[in-house]
Amino acid sequence: MTHGIIHGHLPQVLVVRPPESFSLYQSQCSHKFHFLKAWESPLPLDQFLSTHARNVQAMLSCGIFPIKADLLCHLPSLRLVVTPSSGLNHIDLSECRRRGVTVAYAGSVASCDVADLAVGLRIDVLRKISVADRYVKQGLWASKTSYPIPLGSKLKGKRIGIIGLGSIGQEVATRFEAFGCSISYNSRKQKPSFSYPFYSSVFELATNSDALVICCGLSDQTHHLINKEVLLALGKEGVIINVGRGAIIDEKEMVQCLVQGDIGGAGLDVFENEPNVPKELFALDNVVLSPHRAAFTHETLASMRELAIGNLEAFFLNKPLLSQVMNN
Amino acid sequence: MESIGVLMLIPMNTYLEQELQKRYNLFKLWTAPQKPQFIKEHANSIRAVVGNAGAGADAELIEALPRLEIVSSFSVGVDKIDLAKCREKGIRVTNTPDVLTEDVADLAIGLMLAVLRRLCESDRYVRSGKWKKGDYKLTTKFSGKTVGIIGLGRIGMAVAKRAEAFNCPICYYSRTEKSDTKYKYYPSVVELASNCQILVVACPLTEETQHIVNREVMNALGPKGVLINIGRGPHVDEPELVSALVEGRLGGAGLDVYEHEPEVPEELFGLENVVLLPHVGSGTVETRKVMADLVLGNLEAHFLNKPLLTPLV
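Residue numbers (the numbering used here), protein chains in the order written: chain A, 1 to 328; chain B, 1001 to 1313.
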């Protein structure tokens, strides 16, 4: 059995850009794989690949760097891409399929963390937690000249509209139910195993929700899914929470709606052009901003790392992968 | 009804104030340049006192109001009211239980998420432009962490129910073990703190529960433990809390209450593992209105000789 074994009998794994905590991959895998570190080479990427990576059968993605035709064409022996992320929009899946390249990802390992952040952002916006923390830490509470902080709004009884009822959406639903919220959703297809009301149009869902929580992936169909029409349907008291991908929302429209008071608030972990965030949002107290960290806890990073390494090991041992992306 | 004197101790709610003004002869203690003078002047017409978590009818005030019949608190906690004295003198006391349970429990979970996932700090990080220079660091997972609750009353149970949806195992301490619950009981707060990662204070403030979270408890909770206080400031030994946090013996804290509100120890302002809120547990538009209506309803019932809505004494 040979799976690209060249470097001192250890199978090679290409890494174009290092994933978070890459040193931990290195220390855990020093006896398992040889990592071909493209970013450390002075050569431009395509030259590096044609010189060193012709026989590489597996690559470890960093979760962001695009894996598309222009990269894949330099890797004729590639059979496996492992991404430590749950998100797949950085990978051209149909191009991989065409080339016979299997993709493994983090599955639902991060779903609880992402759901936790969605709920946290919602409570923060509704109860003004970040606003109040700023207020106290600036010494305004004790100050005789300061204004009192405005009251928040009750969470119980609010209607939550979930966009995408996959693993993350389901965890979000379970959590909000415990707070006495009602759940409805929009998804590519209705899911009969769930009793939550289904809306086939996002516009209808927005009309009937106090908050929209985006839990779906980014694709051609979901790009700018949340447009001006949907935002206006959500309304002046409505809140949008995004833990999916920035481009699912028409960001320019959302900013305008927030500035003009056409929607009630937003909790955002992702943006169209990270790490750039529209500066109009910085002046708003009804917006809570998070730097794309929904899945980034120590615990989940460790789980993602273990899963990625496990997938690579399984591949080189000719065993079934642990979390292969299934064609849908 | 307009001849009935009602003494409101501090500003707490505009709607409540306006309604009291309409229905009674309202005396606003905070507007008086000399409070003892003011009280003496109007003592003969004051038959009711309206206080809240921040100010209540203590022994001194009760003695100064010979015609006092009822104390109606715009809060569920009544630690600022001398209940024994009220009982002694036949003065009725009402509070606002149940209506604020959910809001307080929601805030407790909000504080847990804010501390563990650094919501406020990362919001600051983005607003300051630092994200353009580098990623924010990793935070700590909330789901699945063991939550220990001091006091399994209405609020404690509501916190437990919410935390369970995050797969958090629940344990608790209370004066006596509760037979109708599946949560794990610990007979002391130190044991509870040793066996959980997030400790929530959700019991009433009494002489027994003063400083129930002391140095020993904080050390038991440890450098990875987080304290959430949605009870009363005096539940926690505040100077000890500050040194535990500053020295890293305690992993983090989410506080809504303090020993001397609105004063908050400034040493806490710069700590990224601490979230500070200005006593907003019941602070939603909806709940404050319901609380106000309960105060008004209790006063009305009393002066019409009807049964009180939510009597404590």
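There may be inaccurate statements among the hints.
When the alpha-carbon atoms are kept at most 27 Å apart in a straight line, the in silico DSS-like pairs for lysine-lysine are as follows [as the list claims (entries may be wrong)]:
(1) B:Lys1289 - A:Lys144
(2) B:Lys1224 - B:Lys1306
(3) A:Lys144 - B:Lys1028
(4) A:Lys279 - A:Lys32
Derived from the structure by calculation, the hints contain no laboratory data.
Any hints from earlier that this structure breaks? Give me their numbers in increasing order, please. Hint check: 2, 4 fail, others pass.
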